[in-house]
Amino acid sequence: MNTTVSATPPGKPRLITSAMIASIAAEGQRTKSAPFGHALVELARNRTDVIGMTADLGKYTDLHIFAKAFPDRYYQMGMAEQLLFGAASGLAAEGFTPFATTYAVFASRRAYDFIHQTIAEEDRNVKIVCALPGLTSGYGPSHQAAEDLALFRAMPNMTVIDPCDAHEIEQLVPAIASHQGPAYVRLLRGQVPVVLDEYGYKFELGKAALIREGGDVLIISTGIMTMRALEAAKELAGDRVDAAVLHVPTIKPLDAETILREARKPGRLVVVAENHTVIGGLGEAVAGLLMRSGVHPVFRQIALPDEFLAAGALPTLHDRYGISTPEVSRQIKHWLGR
Amino acid sequence: MEMAPTIANAPTLAKRAHNVRRNALRMGEIQGQGYIAQALDIADVLAVAYFHAMHYRPEEPSWEGRDRFLLSNGHYAIALYAALIEAGVMPEAELDTYGSDESRLPMSGMASYTPGMEMSGGSLGLGISIAVGMALGLKRKSSSARVYTVFSDGELDEGSVWEAIMSAAHHKLDNLIAIVDVNNQQADGPSTEMMAFEPLVDKLNAFGWFVQRVDGNDLDAVVAAFDAAKSHAEARPRILVADTLMGKGVPFLEQREKNHFIRVEPHEWQLALGALEAGRQS
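Those protein sequence lines, which keep their order, are chains A and B.
The opening position of the first sequence corresponds to residue 1 in my numbering, with each subsequent residue numbered one higher.
The opening position of the second sequence corresponds to residue 1 in my numbering, with each subsequent residue numbered one higher.
Since the hints were made in silico from the structure, they are not lab data.
For glycine and all other residues, C-beta sits at the position ideal for the given N, C-alpha and C.
Hints may contain errors.
[Said to hold, decoys possible] Heads up, simulated EDC-like pairs for lysine to aspartate or glutamate below, C-alpha to C-alpha not over 20 Å straight-line:
id : chain 1 : residue 1 : chain 2 : residue 2
1  : B       : Lys141    : B       : Glu64
2  : B       : Lys141    : A       : Asp56
3  : B       : Lys172    : A       : Glu257
4  : A       : Lys265    : A       : Asp255
5  : B       : Lys141    : A       : Asp72
6  : A       : Lys265    : A       : Glu327
7  : B       : Lys172    : B       : Glu102
8  : A       : Lys207    : A       : Glu257
9  : B       : Lys203    : B       : Glu254
10 : B       : Lys172    : A       : Asp255
11 : A       : Lys207    : A       : Glu262
12 : B       : Lys139    : A       : Asp72
13 : B       : Lys139    : A       : Glu262
14 : A       : Lys333    : A       : Glu257
[What the hints assert, rightly or not] With the Cβ distance kept under 7 Å, some of the chain B side facing chain A (calculated, not the full set):
id : residue
15 : His18
16 : Ser103
17 : Met107
18 : Ser108
19 : Met134
20 : Leu136
21 : Ser160
22 : Glu163
23 : Ala164
24 : Ala169
25 : Leu273
26 : Gly274
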């Protein structure tokens, strides 16, 4: 499989544009088209309670696949995110299971109170599925959802999921539909990389999975950073650095048992990698867990800085902010003194 | 449950409205303060909703066939508790627990606390969005139940209210009946001075709703408006613009200048109850 690194000649990066919905797939990478939309259609065949709703972003959250298959179960709520989530709450109160989509910035920032009060506080069965999580748009801070994990982690009753790839998205759709209560999912849309099937990975709600063993460093990662961590681990192996990768797709509730089991193994640097601001995401969740549990490894974070991020091409920005594969490798080697 | 919409019902509804006011005053007395003036102004609308217009089962507050009632302005909770107690959804003895630890009657309306409370308010401008979703859901289930929602004129300041107003018309939600309580009072002063929302009837008409403006303290007018809203033939959402008087029924509260959140001296509660009784007998 091609990776960002092997597909990009050194010194002459082929820059994906700063377009709002630039693909995160590297050139030549194996992908699937609209995995969320297709998985939701599959689910809805046997679940008549499943409803699709969006705020003028059906095409950009892959919900148009569902809208075409089940036009009578699809609601276009207009460019009105507060209404979207309030109405989703009302539909859930009537026994339906709405999947409501928009961009992560609009759910987390604009409609936070509506999600807090009408959905989370009443524990309503709404699935909030949001595109452009973290730094997956080069469009600038208006569309870069660097804080969404921190915000939704802080909300009681909310399940928070940051999937890595298309394989995982396909599996999490039925899983969250079976879970009673609200869930926030970071969505990768369009041509979505497929990575985890090669590792025999299976998504389980609330579970972390050790995808790769290694004795020098434990990378605890979520979302697209698991993809980067696995690529980096291959690179690091060439430098005789043995990296383990623990994938944590469910940020909340956190799989404390698995994280503690792995972090307790002696002699490993622990690095948490996430596509999110360094504040309040997986890194600080894991740090708090370790401290509360008396586990004190050498601990480092790979995350976006606490600043408004630049607009530009995604590969440039991922390098600049330290979440590209070469940057993950470089930082780990630096911390290990290699 | 439904009674014929005639003036003959007015005495019964008047007694219901009186009891709602009395219940609210008794709860206010327990805490010594509260959104009493709003409870008194909306009591007539609640009386018509609960004792004339709506279908529900007091002994089974979650009955699937019930009409839904969403109190968007959660700070009016004391009024809705008063109506739910009068309707027999909760025993009268619970009045004494209002706002206390472990009570089912917290000061701001919370769905998870109170039987018959369909939403948690407190943050304003939420209710009508939820109502849109419930109305869509009831239509999906081919239910004949309706969604009623009360919100305040102050909530018209919230953009989300207008999102929902547009949406309800777009989705032709003829099973949605909203009531906006125009008492021209919000936290910082008269609502019309906070944000000019008139001409409200014209705006709502232009947004595609079936609109009626009524004196919200005239029981016969409110009954007629609810009946017209229910029987209106067009596939449009319906709204009652109800002009109400803060503190209605207790003259010294009606005249109080700062009546958004009322603190009443201990001796005044009995005066208020007395004034309410006197008004009813006169």
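Here's how the hints hold up against the structure:
1. B:Lys141 - B:Glu64: Status holds; Cα separation ~11 Å.
2. B:Lys141 - A:Asp56: Not OK: lysine 141 of chain B and aspartate 56 of chain A at ~25 Å, beyond 20 Å, violated.
3. B:Lys172 - A:Glu257: 51 Å, violated
4. A:Lys265 - A:Asp255: 16 Å, holds
5. B:Lys141 - A:Asp72: Since the Cα atoms of lysine 141 of chain B and aspartate 72 of chain A sit roughly 13 Å apart, the hinted pair holds (cutoff 20 Å).
6. A:Lys265 - A:Glu327: Answer violated: lysine 265 of chain A to glutamate 327 of chain A is near 25 Å, above 20 Å.
7. B:Lys172 - B:Glu102: 41 Å, violated
8. A:Lys207 - A:Glu257: Roughly 9 Å separates the two Cα atoms, so the pair holds.
9. B:Lys203 - B:Glu254: This hinted pair is violated, its Cα atoms lying about 29 Å apart.
10. B:Lys172 - A:Asp255: This hinted pair is violated, its Cα atoms lying about 46 Å apart.
11. A:Lys207 - A:Glu262: 13 Å, holds
12. B:Lys139 - A:Asp72: Between lysine 139 of chain B and aspartate 72 of chain A the Cα gap is close to 12 Å, so the pair holds against 20 Å.
13. B:Lys139 - A:Glu262: Cα-Cα ~51 Å, so violated.
14. A:Lys333 - A:Glu257: 28 Å, violated
15. His18: The hint is violated - histidine 18 of chain B has no Cβ within 7 Å of chain A, the shortest such distance being about 32 Å.
16. Ser103: 18 Å, violated
17. Met107: 16 Å, violated
18. Ser108: Nearest chain A Cβ about 11 Å off; hint violated.
19. Met134: It holds, given that the least Cβ distance between methionine 134 of chain B and chain A is near 4 Å, below 7 Å.
20. Leu136: 6 Å, holds
21. Ser160: 4 Å, holds
22. Glu163: 4 Å, holds
23. Ala164: 5 Å, holds
24. Ala169: 11 Å, violated
25. Leu273: Violated - the Cβ of leucine 273 of chain B stays beyond 7 Å from chain A, reaching only about 34 Å at its closest.
26. Gly274: With Cβ-Cβ at 39 Å, over 7 Å, it is violated.
Checked against the numbered hints given earlier, the structure breaks hints 2, 3, 6, 7, 9, 10, 13, 14, 15, 16, 17, 18, 24, 25 and 26 and satisfies all the rest.
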